[in-house]
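Engineer: Given chain X, work out where chain H should sit, using these hints.
Sequences listed follow chains X and H, in order.
Heads up, the first sequence is in my numbering, so the first residue is 1 and it goes up one at a time.
Heads up, the second sequence is in my numbering, so the first residue is 1 and it goes up one at a time.
Take these hints with a grain of salt, some might be off.
Claimed, not checked - From the structure, some residues in chain H lie toward chain X, with a derived Cβ separation under 8 Å:
id, residue
1, Q3
2, G21
3, M22
4, F23
5, S24
6, S27
7, P128
8, F129
9, M130
10, L132
11, L139
12, D160
Derived from the structure by calculation, the hints contain no laboratory data.
No residue lacks a Cβ here, since even glycine has one placed at the ideal position from N, Cα and C.
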Amino acid sequence: MLLPLIDNSDEEFAACLDSLEGNEVPRRRHAMVALERLGGTRALQVATALTSDVDPVVANLARRICSVLGKKGLMLRRYLRTQHLVQTVSIRGFYQLLDEVVFVIRRNLAGIAIDSFLFSIPKLLMVTVFFVSPFFAPFFDLVHEVWLVSLLIFVYQIFWRPLVWHSTGLAFLAGFPENACRRQARKAGGWRLYNSLLKVGLIEAILYSLMLSMAYSLYFSSGKFGFPLLVTFTVWLLIWTLSVRAPSAVIFSSSVKAESVWLFDCGSNFWLSMKLGMVLILLYMIVFGSAVSSLWMFGLDNWFSVPHVFSCGFFIAADVLIDPFVVGYRLLLARLNMDPK
Amino acid sequence: MPQELVVRTPENAEIRVPLAGMFSRASAFVHDVAIQFVCVIVAHFVFLFVLEVLNSGRGFGPGFVRGLYSIAIFVFVFGYYSFFELYRNGQTPGKKANGLRVVALNGQRVGLFSSLLRNFLRIADFMPFMFLAGIFSTLITERHQRIGDVFAGTVVIRIDGN
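Chain X with its partners taken away, still in its complex shape (with noise of 0.2 Å):
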């Protein structure tokens, strides 16, 4: 016996295709004929397209198509489908690295600012004490308690900063478009998780700690003391802060083993992290600024009476909104750091 050397099914899939596209309604049905003669996926993929044809006779024979190849196990893969190419742009420069966060921060909008809102309650508490306090005697006086104050402050960075990285930094993974770190987002958490990022980021909270205590104490007793010392101190702990990235890599990994790794990085990421800091000290200025404009814009200036009082209320404030912008950051920074593509 006689084997064709040369298949001529694909010659013969063109015809049927030209005949089925055409208008006369014999070499239609003729079509579906030799379709369901050559068979295989295609003939299945264009058998479903005329399923509810006009002519009821193409409209049944592919349905027949359909039925037969079915019982023979062929099936069409959706995922197969064209799909556009999932586009990526190199980050050329450090704004496009921030410009990254944003988009990173748009694709789970909803997620990260209830997280944020949620771990940011006892900041925002701060916030009423702050802002209710020139007209209560009592919050009034506790403002003015610099120890009590500086304790609140550390036991919020010590044991609460984790839950924020916990919170925030798994919502802001969940934004990301690859699957793995959305996989990530939905395994990594708990207790485990919790306690490898109190572990990671203890040193890091002290000083932070000791930093905004200190600022406290010396804004509330005399502004003027050691003020260049503390300037010098913050941008230095800034610069060092938001160099560190091991959060980030506990985050990344959801490994214990990761916590014994300091990524202490300060020396390639000593400008990125110093630009940083300038644009953070801009975005503070501009939520300051803006809250102030506002109540001046709307005839509540005198409220500003007590502007020591009131600046902390707002420092915190802004805070609360720049907070995920930061936490977004330093997992970009990681993620990339990881993996440059």
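Structural biologist: What follows is chain H alone, placed relative to chain X:
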């Protein structure tokens, strides 16, 4: 990773262009403001020189020159963006340095009315202070548009290639 502007051509082809983020746009804006600032300083010195000459001789009165100077500054500050957007392919020097471009929602060049509107509405974006309204608008609108962009039907895209 970036979000995109999807433009459909009459041939039903789909063109996807990455949108510019708020920080790149802010960087471009600062760039442009710096250029405007230098130009205004230079113009001011020229104005002082002209005023000095007029005070010492005949010709137009100093009041006339002052009025002309104010109009020129206003036109320069507000017309700067529209001029570059209309005649330099949607790119001010700041946008060019940052690889950005202003286009209409259908991907075409921005028109005169759209350009004027988006630039006059910078005042709305500035409210209440330092573009907070613009930042929020960029964060919540689908195509990262500030208030001026929403009203003018424009969008800022990245053109620095992949």
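Engineer: When the structure is checked against the list of hints, which entries are broken? Sort them ascending.
Structural biologist: none
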